[in-house]
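There are 6 protein chains.
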Amino acid sequence: MTAFTRSGGRAADQLRPVRITRGFTIHAEGSVLIEFGQTRVLCTASVEERVPPHKRGSGEGWVTAEYGMLPRATHTRSDREAARGKQSGRTQEIQRLIGRSMRAVFDLAALGERTIHLDCDVLQADGGTRTAAITGAFVAAQDAVNKLLAAGTLAATPIRSHVAAISVGIVGGTPLLDLEYTEDSACDTDMNVVMTGAGHFVEVQGTAEGAAFSRDEMNLLLGLAEKGIGELIVLQQQSLLAK
Amino acid sequence: MTAFTRSGGRAADQLRPVRITRGFTIHAEGSVLIEFGQTRVLCTASVEERVPPHKRGSGEGWVTAEYGMLPRATHTRSDREAARGKQSGRTQEIQRLIGRSMRAVFDLAALGERTIHLDCDVLQADGGTRTAAITGAFVAAQDAVNKLLAAGTLAATPIRSHVAAISVGIVGGTPLLDLEYTEDSACDTDMNVVMTGAGHFVEVQGTAEGAAFSRDEMNLLLGLAEKGIGELIVLQQQSLLAK
Amino acid sequence: MTAFTRSGGRAADQLRPVRITRGFTIHAEGSVLIEFGQTRVLCTASVEERVPPHKRGSGEGWVTAEYGMLPRATHTRSDREAARGKQSGRTQEIQRLIGRSMRAVFDLAALGERTIHLDCDVLQADGGTRTAAITGAFVAAQDAVNKLLAAGTLAATPIRSHVAAISVGIVGGTPLLDLEYTEDSACDTDMNVVMTGAGHFVEVQGTAEGAAFSRDEMNLLLGLAEKGIGELIVLQQQSLLAK
Amino acid sequence: MTAFTRSGGRAADQLRPVRITRGFTIHAEGSVLIEFGQTRVLCTASVEERVPPHKRGSGEGWVTAEYGMLPRATHTRSDREAARGKQSGRTQEIQRLIGRSMRAVFDLAALGERTIHLDCDVLQADGGTRTAAITGAFVAAQDAVNKLLAAGTLAATPIRSHVAAISVGIVGGTPLLDLEYTEDSACDTDMNVVMTGAGHFVEVQGTAEGAAFSRDEMNLLLGLAEKGIGELIVLQQQSLLAK
Amino acid sequence: MTAFTRSGGRAADQLRPVRITRGFTIHAEGSVLIEFGQTRVLCTASVEERVPPHKRGSGEGWVTAEYGMLPRATHTRSDREAARGKQSGRTQEIQRLIGRSMRAVFDLAALGERTIHLDCDVLQADGGTRTAAITGAFVAAQDAVNKLLAAGTLAATPIRSHVAAISVGIVGGTPLLDLEYTEDSACDTDMNVVMTGAGHFVEVQGTAEGAAFSRDEMNLLLGLAEKGIGELIVLQQQSLLAK
Amino acid sequence: MTAFTRSGGRAADQLRPVRITRGFTIHAEGSVLIEFGQTRVLCTASVEERVPPHKRGSGEGWVTAEYGMLPRATHTRSDREAARGKQSGRTQEIQRLIGRSMRAVFDLAALGERTIHLDCDVLQADGGTRTAAITGAFVAAQDAVNKLLAAGTLAATPIRSHVAAISVGIVGGTPLLDLEYTEDSACDTDMNVVMTGAGHFVEVQGTAEGAAFSRDEMNLLLGLAEKGIGELIVLQQQSLLAK
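Chains A, B, C, D, E and F, in that order, are what the protein sequence lines are.
Take 1 as the starting number for the first sequence in the UniProt record's numbering and just add one per residue.
Take 1 as the starting number for the second sequence in the UniProt record's numbering and just add one per residue.
Take 1 as the starting number for the third sequence in the UniProt record's numbering and just add one per residue.
Take 1 as the starting number for the fourth sequence in the UniProt record's numbering and just add one per residue.
Take 1 as the starting number for the fifth sequence in the UniProt record's numbering and just add one per residue.
Take 1 as the starting number for the sixth sequence in the UniProt record's numbering and just add one per residue.
Be a bit skeptical, because a hint or two may be false.
Unchecked claim - Listed next, the in silico DSS-like pairs over lysine-lysine satisfying Cα-Cα at most 27 Å (straight line):
| hint | chain 1 | residue 1 | chain 2 | residue 2 |
| --- | --- | --- | --- | --- |
| 1 | F | Lys147 | C | Lys86 |
| 2 | C | Lys86 | D | Lys147 |
| 3 | B | Lys86 | D | Lys55 |
| 4 | E | Lys147 | C | Lys86 |
| 5 | C | Lys55 | B | Lys55 |
| 6 | D | Lys55 | A | Lys86 |
| 7 | F | Lys243 | A | Lys86 |
| 8 | F | Lys55 | A | Lys55 |
| 9 | E | Lys55 | B | Lys86 |
| 10 | E | Lys55 | D | Lys55 |
| 11 | D | Lys86 | E | Lys86 |
| 12 | B | Lys227 | A | Lys86 |
| 13 | A | Lys86 | A | Lys147 |
| 14 | F | Lys147 | B | Lys86 |
| 15 | A | Lys86 | E | Lys86 |
| 16 | F | Lys147 | F | Lys86 |
| 17 | B | Lys86 | C | Lys243 |
| 18 | F | Lys86 | A | Lys86 |
| 19 | B | Lys86 | C | Lys227 |
| 20 | E | Lys86 | F | Lys86 |
| 21 | A | Lys86 | C | Lys147 |
| 22 | E | Lys147 | E | Lys55 |
| 23 | D | Lys86 | F | Lys86 |
| 24 | D | Lys86 | E | Lys147 |
Simulated from the structure, these hints should not be mistaken for laboratory data.
None of these values were measured; they are calculated from a predicted model.
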């Protein structure tokens with residue numbers, strides 16, 4: 001891996017400083033502020049004692065996610081989706097990704113006929129909002145499940161594994177872990193990877209924004225992602241042990 | 001004023017602890033987290049170098065506001081307005097109120113043909129979100145104007161006075177300042193008052209939710225509001241002096 | 001109060017000619033055309049034998065209002081809200097105000113599990129459409145209730161008091177009662193006041209459109225409103241006695 | 001034609017009492033209340049000094065119509081289209097019909113690059129609202145054109161002929177002119193016919209709601225419609241001569 | 001009838017080549033590609049074992065239609081209605097027409113509490129898409145009914161007669177059968193006629209786009225339509241006999 | 001690779017029969033019906049001589065895609081998106097994928113300030129609609145570019161490489177190429193891969209629907225995709241050589 005100057009002298013295979021603040025707000029069953037450097041996402045988990053129509057009477061629960069970005073989370077203000085009257089394609093794509101990622105580690109039958117809503121709202125954006133959202137939403141979901149276990153509502157946990165996510169990309173020929181906004185804008189290839197605590201892939205979404213990428217480049221990127229996600233899962237575990 | 005037990009032993013004419021954190025996020029020209037007790041609203045001010053159609057060519061600027069509430073800012077989760085595809089009547093009413101309140105202290109000609117967008121997003125709600133939003137949005141707007149002055153874009157400030165807001169109400173016969181959620185739910189009369197630094201009224205919105213209120217009760221409420229807003233304006237000033 | 005020339009030589013504290021025509025259309029349980037000078041609003045009351053979801057099984061009824069303006073009720077044509085696909089913030093704010101005002105004088109338990117819908121449609125606008133709507137809607141609601149009493153559906157009236165509304169404002173330094181469009185456009189402060197037959201306040205909504213207003217000015221305006229609403233309630237009573 | 005008992009002893013080939021009130025509201029360039037028995041439609045014509053995109057730069061004007069029904073114009077209350085957020089298929093079909101009918105008698109080049117908006121709002125419905133709307137809209141359009149001629153904005157009239165409309169139908173085997181609501185509900189075949197002052201057809205829309213209809217029945221219906229429209233055009237002329 | 005040159009040397013009273021391909025797609029209970037010359041419409045019939053709310057518990061079924069046009073079915077690309085977020089007035093008018101035409105030959109009681117959805121999607125347009133859609137939808141509906149009969153779900157057919165449709169119009173003074181796009185654009189009068197196998201009218205929709213039309217012209221057009229629809233019904237029968 | 005029984009005796013690494021029919025409709029600049037077994041997608045390319053706002057004045061063109069599915073393209077009828085008033089998240093995700101894939105092989109500067117719209121409409125679905133759409137859209141885009149070259153509008157081709165796509169997945173432990181609907185429903189891992197003619201990746205989207213997948217499984221899937229896409233590109237070339 002060649003030398004490349006990143007902000008704060010970060011190495012190519014180094015995560016930004018990650019902070020996970022549990023209990024950030026008081027009402028939700030799980031409430032986590034997750035920070036990947038300057039990217040800050042508030043993830044709340046809300047438990048609802050009913051399921052959407054396609055699960056009614058199935059004995060199974062549901063886990064779903066919504067994603068939003070405050071209008072001035074970004075460098076220039078974007079329109080408020082509630083005011084425009086619809087969510088963008090990008091927003092829908094991201095919230096579908098978060099939902100699938102969470103469901104990949106949930107045993108819906110063990111959850112019972114209830115829904116966990118994960119709301120991921122970006123307070124400040126600097127690249128990697130969707131991967132921060134997935135990583136933080138898992139912690140919020142775990143807190144909510146812990147409340148259900150403590151209350152005796154659930155006898156056993158429906159969570160089968162950790163799940164976390166990171167972005168990787170090739171910028172100026174160099175594979176980088178955890179892209180910031182300026183890196184993301186400049187990159188040729190951008191890949192979001194979601195993995196479980198067992199080291200398996202849940203989602204791999206790679207996009208060549210400039211030149212298409214080779215099989216070798218893909219392998220380098222997957223390797224970087226495995227390293228980063230491994231570190232994120234340790235951080236999730238440490239955060240959940242605290243308090 | 002009769003005795004009445006409020007949370008934290010607060011007196012009937014006492015504000016909740018108010019905290020104003022400037023520079024809460026990094027991208028916006030003004031970014032303020034304001035807390036009235038457990039109510040927390042993020043207010044950002046964004047400057048845009050153009051005006052809406054009704055002001056084009058007028059030589060005047062525009063100041064406008066949008067309001068939102070994160071789905072789990074409240075005790076139980078509410079639907080996301082972006083997902084439902086429209087803003088509720090309540091949301092629209094509040095953002096129109098914030099916008100009028102800000103414009104009441106702005107000299108739009110002195111602002112020039114540019115727009116200040118104030119985005120007020122409730123991270124956590126415990127009553128009084130609209131009054132916290134107005135009080136915080138003023139500080140964010142002042143920060144944005146200071147940047148325009150420092151950059152030489154504006155030669156003189158277009159802000160003519162402070163503006164701040166508080167709720168007052170009658171709960172069980174007792175007039176109270178700065179209602180929390182549980183007080184707000186129980187009150188007979190609820191009034192939101194917006195005043196300038198000069199002690200004049202910008203908006204008075206009183207609603208009898210239970211029994212209608214008399215002229216005498218109204219006078220008591222207005223007196224309480226004057227007291228509270230005076231204190232809020234001192235807090236705004238102190239916050240703006242810092243740093 | 002200083003001298004001020006109003007259209008038709010009206011005094012500063014004088015209402016426009018008010019006309020209340022009951023039975024203006026034939027299908028509705030209550031149908032009232034109310035005129036405040038050139039402002040003409042058709043208010044119908046429709047009884048529906050069911051309630052919205054939040055009242056189901058509560059034993060209580062509901063009273064709600066909708067407001068609309070014909071596209072050419074005004075000097076220049078405005079877009080039709082049905083064609084634009086949404087109601088403006090102003091429309092929603094007004095219909096929420098009318099609904100709250102009506103519910104302030106209704107005993108919802110005594111109404112039983114049924115809904116009264118009040119539709120207020122402005123045929124011609126010249127200022128004061130929301131206050132005319134409230135004043136007329138009360139008469140329509142009373143007619144609908146009278147039909148329910150006559151049919152034996154209700155044993156006792158759920159209406160506890162009259163309710164009526166008027167606008168007041170300060171134009172060129174002079175407090176005026178019942179603003180016409182040209183006065184409303186020119187005014188510094190505009191206040192809509194809703195009161196019961198017992199002389200208590202249901203809603204007070206004051207807005208400084210130009211200069212903020214003092215406590216003394218507010219007192220003058222409230223006094224004017226009390227006088228005007230007292231007269232409107234007499235007119236409601238006379239109208240309901242007829243036929 | 002066999003005997004048939006209609007309300008008010010009306011003959012099978014007789015129109016309901018028709019009343020045309022010009023100047024019903026004050027702001028619009030043309031404002032007509034038209035009544036076909038209990039059906040009452042307010043038709044306003046608004047002149048706008050610009051044209052929609054497809055006519056810009058063409059030297060031609062445009063004539064267009066919108067149609068609405070107040071929620072309680074009918075026996076039972078219907079949803080307000082502005083609140084539902086869209087116009088029904090029926091509403092769109094009717095307003096397209098009114099617009100085409102008006103354009104059929106307008107010389108758009110002679111109108112110049114301006115638009116006449118015809119708003120037809122049903123205050124009370126008892127069958128035949130679309131035909132009343134067309135018949136009344138013509139009078140409103142003529143009044144608006146007369147204002148443009150009087151002001152010298154137009155040198156010559158762009159109106160080439162009268163236009164009026166009536167419904168006909170077969171109820172219980174009897175062809176009837178100008179169906180009321182109860183007749184319309186019971187009829188096998190319903191036809192709306194629009195004709196010019198010269199006795200030519202602009203629109204014929206026949207629908208078999210029960211049994212399909214024969215060529216002979218169609219001929220009877222067209223004959224009835226010709227008779228009724230002839231009478232309506234005389235009434236339009238008389239109304240326009242007055243005042 | 002005067003001489004007139006049509007594409008392919010077609011006579012004024014001659015249909016374009018009509019092709020009916022049954023079983024065009026595999027999933028639907030009925031699936032028909034119908035071609036009127038270059039106009040190609042895919043009509044599918046889908047059976048659903050439930051009815052819309054207004055028919056629940058009535059013992060009757062429902063037959064309904066939807067219509068769409070692929071964005072590049074036409075000479076220049078039109079916006080996709082799903083992307084714009086609403087169906088045009090034209091689309092709604094056409095799908096209501098198709099639905100009424102189908103219901104005119106269905107005995108809804110004999111159908112039982114189930115719905116037949118007819119989806120008519122225009123793959124390529126060259127005039128007459130709505131009449132092709134009606135003619136093809138009948139064949140698809142018949143195929144779906146035949147499946148229900150074969151499966152024993154229905155004991156007797158709910159279809160009482162054939163139904164088919166054609167356009168007629170006057171172009172340059174000449175009455176023409178089955179208008180192509182270039183003829184349709186040039187025509188003074190355009191009429192769509194829907195008839196049953198028994199030779200009765202279900203719908204007649206005539207519109208004067210240029211000059212209004214006389215009673216004699218109308219008679220000529222109806223005669224042409226009768227001839228064309230007779231031929232279409234023979235083609236429907238031949239197609240249904242095949243395979 | 002273990003034995004696995006697929007429909008038609010297809011091998012695990014074998015494509016379904018692929019058919020590419022150019023010129024399927026007559027109006028579009030490119031019009032291709034592509035079939036992957038029973039999956040049939042109509043792809044049209046429309047050239048528009050202007051660009052969306054974000055490209056105006058840039059000297060660059062734009063390539064964009066829309067995707068739709070006829071209501072009865074599937075086993076059971078789905079709602080029509082135009083009638084529901086919005087496109088689903090799935091639809092938006094797919095059309096964004098198609099658009100990015102096409103832009104990956106286009107030199108937008110060489111295209112000049114014009115837009116190519118690719119409309120991909122699924123007539124019949126049996127798995128793999130998005131990969132068929134990408135593969136077919138490329139051929140339609142090439143046909144449209146060839147027309148621009150032939151007309152002299154473009155001097156050199158803006159297309160830098162072929163692009164095609166295929167799905168791969170693991171079903172019951174066996175990696176399979178080009179999944180049919182029944183395989184797709186049963187699979188644990190589903191991956192859509194888009195590659196250029198040069199054998200580089202444009203998009204890789206892998207999703208674990210059941211168990212998460214290992215790095216080894218990912219490598220097997222990528223190998224299968226490379227094989228399949230290589231074959232598809234040969235088929236594109238053969239199709240483009242014909243006629």
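Agreement of C:Lys86 and D:Lys147 with the hint, judged by alpha carbon distance not exceeding 27 Å: violated, 33 Å
Is the hinted pair B:Lys86 and D:Lys55 satisfied, with a Cα-Cα distance of at most 27 Å? violated, 33 Å
Quickly compare the C-alpha distance for F:Lys86 and A:Lys86 to 27 Å and report which way the hint goes. Distance ~9 Å between F:Lys86 and A:Lys86 Cα, so the pair holds.
Proposed proximity, A:Lys147 with A:Lys86 (alpha carbon, max 27 Å): Roughly 34 Å between the alpha carbons, so the hint for A:Lys86 and A:Lys147 is violated.
Could you grab the alpha-carbon distance between F:Lys55 and A:Lys55 and see if it respects the 27 Å cut-off? violated, 45 Å
C:Lys55 and B:Lys55: Cα distance at most 27 Å? Not satisfied, since the Cα-Cα distance of roughly 45 Å exceeds 27 Å.
Pair hint F:Lys243 and A:Lys86, alpha-carbon separation not exceeding 27 Å: violated, 45 Å
Given the hint that B:Lys227 pairs with A:Lys86, test it: the Cα-Cα distance must not exceed 27 Å. violated, 42 Å
For the pair we were handed, B:Lys86 and C:Lys243, check the Cα-Cα distance against 27 Å. violated, 45 Å
Please work out if E:Lys55 and D:Lys55 have their alpha carbons no farther apart than 27 Å. Between E:Lys55 and D:Lys55 the Cα gap is close to 45 Å, so the pair fails against 27 Å, i.e. violated.
Verify the proposed pairing of D:Lys86 with E:Lys86, using a straight-line Cα cut of 27 Å. holds, 9 Å
Would the pair D:Lys86 and F:Lys86 pass a check requiring their Cα atoms to be no farther apart than 27 Å? holds, 13 Å
Hints 1, 2, 3, 4, 5, 6, 7, 8, 9, 10, 12, 13, 14, 16, 17, 19, 21, 24, counting from the list given before, are not met by this structure.
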